[in-house]
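Input sequences plus hints: build the corresponding full structure.
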Amino acid sequence: MLGYALRRVLSAIPIALIAVTVCFFVLRLAPGGPFDGERALPPTVLANLRAHYNLDQPLIVQYLIYIWRLLQGDLGPSMVIDGFNVSQLISIGFPFTLTVAMTAFVIATVIGVIAGMIAAVNQNKWPDYVLVLAVMLGVVVPNFLMAALLQLWFGVYLGWLPAGGWVAGSIPHLVLPVTVLAWPHAARISRLMRGSMIEVLGTNFVRTARSKGLGQRLVLARHAIKPALLPVVSYLGPGLSYLLTGSLAVEQIFGLPGIGKYFVTAALNRDYGIVLGTTILYMFIILALNLIVDLVYAWLDPKVRYR
Amino acid sequence: MPPRSILAKSQISASLGVKALDDKTVEITLEAPTPFFLQALTHYTAYPVPKHLVDEYGDAWTNMDHIVANGPYKITEWLPGSYVHSVKNDDYYDAANVQIDEVYYHVLEDQAAALNRYRAGEFDILTDFPADQYQWIQDNLPGQAHVDPFLGVYYYVLNQEKPPLDNPNVREALSISIMRDVIGPDILGTGELPAYGWVPEGTANYEGAAYMPDWAKMPYDERVAKAKKLMEAEGYTPDNPLTLQLRYNTNDNHQRIAVAIAAMWEPIGVKIELFNAETAVHYDALRAGDFQIGRAGWLLDYSDASNTLDLLKTGTMQGDTMNWGNNYGRYSNPEFDKLLAAASSEQDLTKRAGELHEAEALAMDQFAAIPIYWYVSKNIVSPKVTGFEDNAKDVHRTRWLTKSE
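First to last, the sequence lines map onto chains G and Z. For the record, in the first sequence the residue sitting at position 182 is 182 according to our numbering, with numbers rising by one throughout. For the record, in the second sequence the residue sitting at position 238 is 1238 according to our numbering, with numbers rising by one throughout.
One or more hints might be untrue.
Listed next, the stretches of chain G that the computed footprint assigns to chain Z, with coverage defined by at least 3 CB atoms under 8 Å from CB atoms of chain Z [as the list claims (entries may be wrong)]:
(1) 28–42
(2) 84–92
(3) 145–155
(4) 175–187
(5) 248–256
Just a sample of chain Z residues kept apart from chain G, beta carbon distances all over 10 Å, derived [said to hold, decoys possible]:
(6) D1148
(7) N1240
(8) D1337
Hint data in this document are derived by calculation from the structure and do not stem from the laboratory. Since the model is a prediction, treat every value here as computed from it, not as a measurement. All residues carry an ideal CB built from backbone N, CA and C; glycine is no exception.
This is the structure in structure tokens:
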């Protein structure tokens, strides 16, 4: 398994290089540049700026400079946010994004798995219906609407929770953004869990376990949970990367200083360094999560072998 | 002040005419009398820079660890795209009269979310709000919305380098057939005033009434009839329309205005294709002259009529390319340029205003661009805050504000 993990890490290197290369050149194909604002810059100023960021060099030279710096761990400067380089911006924003996303991930996974099990065991009874309703709400209502509604109810009308903002270490400030992010994630997990649990409960080995006299709780705990978790685990990797990358609306509505907005506004501003830097970060997260998911599979399912 | 070419470092101080007389006095010698010079110095490009820090830290002098302040507040924390935190500067000369101890400036993309957080008591002042909420705000938060004339013009530029918009008759037909009165109250909802001229009312050093063309006083039906006739003379009718592309940067309000104006142009025989792109792409295209009609806006840097009129000045040759600056439509009229040049060195303010008025009338009568409305500033101010005085520049220094708990 260690050999397998190592091979996977090594095979990620060409993937990463291809992704960076494609991203670098596609970005330059887009019309407009980082210094095209509402007001024209004097040509001499523009020329100086372009020279400062090497934008006056041939594209291939710029690319080689970028890769050379990247190999030394330097993501380069931001061209729009003056005085900050990309690594600094990521190190400011990413901890916020990570905190919110991981909290939502843990809560949503636990709630989703438990809710899915309860629904499966009580198939077509009231707990199942309540769950289906909650799931539907989470999946159907888009997160920007959910965020705005919760902000209005709990922040403005009831005044129970802060309507937005971030105070380090403050749990109340986390509640609404985490709820908005966690809800659809929990909904999808509980649906997966419910479906696969119902399937597992109908299999021969569960019937055998029951026939030898094991109680409901033991059957679930010893025989049903592990196989039922398989589809859930394969969703967790993409699910977490979705939480990490899909928090833009939540960050904007609740005014959280995460990196989601750098990613989007940088793309609109043609801030090449930030777009590439955040893309590389997301890429490594996704590659790492996929690897972890594959390794967890082996532990859950003895039939999976790594070669 | 005409832009100067870049000079060697040793030449700069002598030729710029800027001299430090002592630690606290600077002497600036102008090439010509410049009535708006003091106004221009309020622009952020004229703020002083601490030389000792730039020498010591280079680009990093703006880091929070290095930066210094000469104003009433000093910045202590900056999360780009999120907030800036500043606290009262005890070294400020008038610190004794600065009432508010610290200020957070939050950056929010979502105006509705900002309004929610204001209602939850998290903000004291909003510098913008969703226009479609204006009525609701007036009903439910009476007296808290401040909507006031602002020195800025929202306009369409017309690419005059290429047919058919090099033809002043077509430009005239387009301009006079826009029903401007409905845009502020009905389309935007915040009552922006219709613009028929190029210099906002209330601009400094600009005695006399705002420019009002004769056609603006005609009933709208007659204007449309006249526009139709102009277009017919060029061979365009609603059955055989002139197709033009209208570009705007992606934004709900720009879109609504573009759709409305396209509908106003349909009866005179103009068919509009709408094209929107994000800001960087939009302005890149305008600068490259790659458009027919383009949306633009100008907020005055300082209160002087020359600041908007310069937008219609002929470009200057730089090397072998023409630099058009912000004159996207590339309107060019030697008479207009001459008037602006004369005004830039005219000492008699009344005479200068006369020359600028003449230039404005000249450009507007040739339909150099299509002004649509004058901007308004939109603020929401908590009743806890006092000292917030509405003004045409929309500048509200915290120094003059107080806040009660």
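Hint by hint, here is what the structure shows:
A count of 11 residues in the segment 28–42 of chain G with a Cβ less than 8 Å from any Cβ of chain Z is obtained; the coverage claim is therefore met, three being the minimum. Judged by the Cβ-Cβ criterion of 8 Å, the segment 84–92 of chain G is covered by chain Z as claimed, because 3 of its residues qualify and three suffice. Only residues whose beta carbon comes within less than 8 Å of a beta carbon in chain Z count, and the segment 145–155 of chain G has 5; three or more means the coverage holds. With a threshold of 8 Å between beta carbons, the proposed coverage of the segment 175–187 of chain G by chain Z is violated, since 0 of its residues qualify and at least three are required.
Here's how the segment 248–256 of chain G fares: 5 of its residues keep a CB closer than 8 Å to some CB of chain Z, so the rule of at least three is met and the hint holds. Every CB of chain G lies more than 10 Å from the CB of D1148 of chain Z, the least distance being 22 Å, so the non-interface label holds. Even its closest Cβ contact with chain G, about 33 Å, leaves N1240 of chain Z beyond 10 Å, as expected for a residue assigned away from the interface. A cut-off of 10 Å between C-beta atoms confirms that D1337 of chain Z is not in contact with chain G; the least separation is 18 Å.
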